[in-house]
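A.B. asks: Spelled out from the first residue to the last, the chains are:
Number of protein chains: 2
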Amino acid sequence: MDGENNVNGNDALDIENEGSFDGRDIGRYPSEFSERNMTYTEPLLTKRTNTTSQIAIVGANLCPIESLDYEIFENEIFKQDWRSRKRIQIFQYLTLKWGFALLIGLGTGLAGFLSNISVENIAGFKLLLTTNLMYKHRYFEAFLAYAGINIGLAAAAGALCAFIAPAAAGSGIPEVKAYLNGVDAHSILAPSTLFVKICGSILGVSAGFVVGKEGPMVHTGACIASLLGQGGSRKYHLTWSWLRYFKNDRDRRDMITCGAAAGVAAAFRAPVGGVLFALEEAASWWRSALLWRTFFTTAVVAIVLRVGIQYCTLGRCGLFGEGGLIMYDVGGVRVTYSVEDIVGVLLLGAIGGILGSIYNYLVDKVIRMYSIINEKGPGYKITLVIAIALLTSCCSFGLPWFAKCLPCPADSTVSCPTDHKSGNYKSFQCPPGYYNDLASLFQTTNDDAIRNLFSPRTTKEFNISSLVVFFAAVYFLGICTYGIAIPSGLFIPVILAGAAYGRLAGRLFESVTKLDTGLFALLGAASFLGGTMRMTVSLCVILLELTNDLLLLPLVMLVLLVSKSVADSFNKGVYDQILKIKGLPYLEAHAEPYMRNLIARDVVSGPLITFSGIERVGNILHALRTTGHNGFPVIDEPPFTDAPELCGLVLRSHLLVLLKGKNFSKERVFIRRNMLQRISALDFAKAGSGKGIKLEDLDILEEEMDMYVDLHPITNASPYTVVETMSLAKAAILFRQLGLRHMCVVPKSQTRPPVVGILTRHDFMPEHIFGLYPDIKPHRWTE
Amino acid sequence: MDGENNVNGNDALDIENEGSFDGRDIGRYPSEFSERNMTYTEPLLTKRTNTTSQIAIVGANLCPIESLDYEIFENEIFKQDWRSRKRIQIFQYLTLKWGFALLIGLGTGLAGFLSNISVENIAGFKLLLTTNLMYKHRYFEAFLAYAGINIGLAAAAGALCAFIAPAAAGSGIPEVKAYLNGVDAHSILAPSTLFVKICGSILGVSAGFVVGKEGPMVHTGACIASLLGQGGSRKYHLTWSWLRYFKNDRDRRDMITCGAAAGVAAAFRAPVGGVLFALEEAASWWRSALLWRTFFTTAVVAIVLRVGIQYCTLGRCGLFGEGGLIMYDVGGVRVTYSVEDIVGVLLLGAIGGILGSIYNYLVDKVIRMYSIINEKGPGYKITLVIAIALLTSCCSFGLPWFAKCLPCPADSTVSCPTDHKSGNYKSFQCPPGYYNDLASLFQTTNDDAIRNLFSPRTTKEFNISSLVVFFAAVYFLGICTYGIAIPSGLFIPVILAGAAYGRLAGRLFESVTKLDTGLFALLGAASFLGGTMRMTVSLCVILLELTNDLLLLPLVMLVLLVSKSVADSFNKGVYDQILKIKGLPYLEAHAEPYMRNLIARDVVSGPLITFSGIERVGNILHALRTTGHNGFPVIDEPPFTDAPELCGLVLRSHLLVLLKGKNFSKERVFIRRNMLQRISALDFAKAGSGKGIKLEDLDILEEEMDMYVDLHPITNASPYTVVETMSLAKAAILFRQLGLRHMCVVPKSQTRPPVVGILTRHDFMPEHIFGLYPDIKPHRWTE
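So the sequences go chain by chain: P and C. full-length UniProt numbering numbers the first residue of the first sequence as 1 and each following residue consecutively. full-length UniProt numbering numbers the first residue of the second sequence as 1 and each following residue consecutively.
Hints are computed from structural coordinates only; laboratory data are not their basis. None of the hints are false.
Computed Cβ-Cβ distance ranges for the label pairs, DEER-style:
1. Y139/C / Y311/P: 56 to 64 Å
2. P407/C / T313/P: 38 to 46 Å
3. P432/P / L508/C: 53 to 61 Å
Think about it this way: if two alpha-carbon atoms lie no more than 30 Å apart in a straight line, the pair counts; the simulated DSS-like pairs of lysine-lysine are:
4. K365/C / K376/C
5. K136/P / K460/P
6. K97/P / K572/C
7. K460/C / K404/C
8. K97/C / K572/P
9. K662/C / K694/C
10. K136/P / K404/P
11. K748/C / K748/P
12. K365/C / K580/C
If you want the ones that stay clear, here's a sample from chain P, every Cβ over 12 Å from chain C, calculated:
13. M369
14. S371
15. F509
16. F570
17. D697
18. L772
All of these numbers come straight from a predicted model, not from anything done at the bench. For every residue, glycine included, the Cβ atom is placed at its ideal position computed from N, Cα and C.
Generate the whole structure from the sequences, applying the supplied hints.
C.D. replies: Below is the structure:
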């Protein structure tokens, strides 16, 4: 897959790339194509089709690449606009920035609150109905009702995903991560995706799937931020001239970072955890100002949720009364531990890490398998969803029958059984005064099941056999569920399996440890999270904020460190795996060691298409039509300069605006002034995904084809450049650190044309480099 | 002050700079100096002396600048070395990396523990003695003992700072921040500084100064990391060949980042806060691998401290028994609030922000005043320290006399008075059954005073008048104390004043709010911290970890946001101010708006000195002797190439090693192979501060002066370059983001020499640019 394609919605796999391999024979388009060096051209062209696209098994679609380069302000036309900015406009800009952060926080907080309440009520209704039928011993009817509702909800979620927004399926975190890395996957932040993500997530979680709403919340936050950043809608006349300052990649990306942080904050009620998640996992570029702004956003989310909870404590939030926003409580446990406990905890972390990496491995395989089914059409997608829903229903209704009825504990402070509310003791088929421990885990929402597993001071509450069954069931159901066409977060399945594993370990170590089994469940969850997600600080803080007990910090840290280290020696984090499966050209922060032995020239590939400072309209149009390139070097030539000089870089989108404005002249002359009168800087502002001017929108007359247009006003006169002999590793670091989209490669020797190629994201992809140089062996060397 | 000076300990203000202004007439050194453009040269040269040096009022010393550029691996010689690395070496490298993180954590944790216990015991002894004399009504003797001990301790601390390590005075956070930005201030991380920092901090805090041990702990952590990173000592034959992989700027800087995080973790027992502090305040460059490693380091610190506390609960840690490592406890307070409370909290934050920025303003003035005294010599320094110690003693012993004796509360769970241990009720001059509330704050350690102010559920404990007196006293004592020659942290004075302010506000709002006064004290402290330090997330987390109550999060966030925003509209954060006063050339993360209107060529200044690929030894030696430049472009010329080409960049330190190795030849030929046999890559590893080969160490014979040396093996063949017409803002971003030390400016036109100048840190300093272009008006535009 080529990362550098046109934005015109062309869905074919465009395998051309910008830049020329060697540049020794660079001509002016279209008359002279560069003749390529024979040694490399042939394998290069045949390899090309097989490089990045081969790993793009699922959803290999075209992704316009974003740039953090301030190109927009470097063009003449924008420089003028920038200079004319008055103080008041800067004030507007800053106010808007904070206003947007506020809105993102409010929106995401409300979405989180809504999602929680809806799940609580829908799932609550289902569970109440089932319980009532169970009371009347109408077991088969109960199963039918339970499975029927589950399948209905699941089918609805699947249908939304399959027909309205396929991009809403899955966690959404990998896509947000890719966006923040510069890859704008197709319609990943569209309004329809937002709608389906929220509704589908509510339906999916209510349907009893082993999925969470955390990943979807992150995606929701990002979608809300993106919609705000696009600045209203022209269709509904909701535009605002102030917004034009936000129509650039940098501000949009900042806002989406805020959205991702807000999502985690809303999902876990963990504001600091949200900021750290955005920093550690989501964002590829970070500035200190962003820390400050994400923090504000998550603070708003925290306040919104707090207001919501205050409202719900009055009992107005439906069946379960508290809106599902209670935190997991392992507080009040006295945390004292000895050396043996530490050894036990280390072991727990190590095994958790291994199980986590196996989880990743299996999820990978399952997604690849499901993708074959899903690609056959919406019908297949929905069938798969229904099949998994049926499997889940059978497990969660069938397995509790194998558990023995346990007598209610005498010293319990809560009533037992707790059938009509959230609580640890579900009676299921048991007589009064007894409860079914497996049903307490299965016949409830995932959040409640986790809460039950975390519950402290109740060591004997769950039998070892029940915990084994539950652990095995959720471990495999979690794996089977990810990849079907519903919005499905990965946090909750992992926490659920991890908590069951931890509590099980706690029961097994019961005789030798003083640690509470609820605490063991928490540590188990931490070990699984560390083993699958591979985050550290953010997970630690999220878990602490969830449980509200800072004294657990050293133990949680220890477990996370061990499990991440162990798991890292087997495979990559689950989000990185999904990124790879989806074929998104994610750019790693560090350069690979083999890049040290290559130079920039080695990976640049042709043909390179350049424009003259004042270019024939026909040439431009032909170049735009026949290539998918997004950036073209502009070269000043005699008679305007003494020798050919690199003037800068023009973007396809800006060229389209320029051509639409028809600022043509019959002669090759500078015509800046005329142009500025016809086109304003506002027209060049970045349009929303798929909203910009398309090539088909242009209406160039035949006689205009031979006219000239001055490209200087829209040329970014300060493109980042590297010398062709620059080490590829250093070029990669430059490209990644500055968030570039194009990088000009200039010749070392002065006898050559002023630019020998363009490096794009595609050229740094390992698949591309290994395609060119099959002899290079990537040796693993991670930090 | 020139940021780019030689490393040879030359203490004069070297105002030369690398690079040439225009480069139109660049010659080969030493025969032809570039003739400079007349329009700019004259004002440039006269301006030069006045630029950065003018603000360097205090301690304007030379700072070698570090670089994150992987130059070391780009040289031929290192490339070979890199390729020959075996898997086992990579394993060694990784093991060592984690081993160092472990050692840094252990060292800093132990230092923190030691510091706490020592302060607790020394100050405890002093307070016990005073109390016993007060009991016997020997008030004057009590004052003499109290003031005498204080002055003695203060004089000792001052003498250590004045005679052994002047660099140990002050907080140390600005210096660490500068180091992590690439400025290695003189002996800031030397072993003597470490020793004085620890001892001086213990003495200073024990002497009753309004100073903290937090800043010094950060500095201590950084020193420990730096000493480890220098890899033992050749003097004591403690070298280890494995360590050579750490002898580069990047690994050393990573370790110092870990050290800074460990320092905060040790000072506040806040591991997550430490990581965030390193991220938000200390570090200028961040990589995700660093997050992971700092987290590990702070986890080790947390465990060390926990073991220490466990040990101390057995009563073996001296007078006060618990080693001063108790956290502030505001837990157990029910945090419910209404809209009026929120308004009150916002107001509290706003006023706190204003007071904080006034604090910064006054600290700035006081430091400038003190620096005039301190520069006169060690005697003056110590006298100043003694004067402030006397003032502090008078305040803390004299002011409590104005307070009325209050009856011990009847419902108190603790005994009253609490004279022989840490506690809220000091009797001072009061009869049994009564306590002096002002003495409870003054006649104790700063930590205990904060704990008393934070104490919940004791609204009436402190009178409003006492709080006013205490607030005024610590606010001004804190300002007077910073800048004297003792290690003095800023966190504790600010928290102390803020807590007094908050508790005062709590007493005043008593009738209208339901919030606890202890909580108000916490929020007051947060508002002051936000107003002076201007951190957000890290402060928030540190405060939460100090108080161990996550439910306070939304309020603390709110206060921090408000106070930082308010204070930011007046002046900069206190650490940035100190950096500026010290004249350290700190490079901001963002480019200033006026830089958009300049291009790289505009700020480059000459003369440029370049070397040929195979250069005369005499030329090199002369260049090294007559300039302070640290990097020299190497240019390949005919007959070796067709036209002059930029080959790369050599560093002064590498040239010195090369010259010392005497790999000379009589002819201008390539002699790579011979050289590699005589010098190993290990010799080029970065030496510790001031430990490298000096120019005087070279012993070049007269006949060798006319011989040639091949510079190619030590040339970094991939220097980062910018075209001369590149926007200065973009060049600055490139320079800062990649952590460069030198950046080559290449010509746009092909008819010019291959390099027209070098950009260094100095060239991006606002003072330099305003010196060149006095017409530019910097307009404030912060985010």
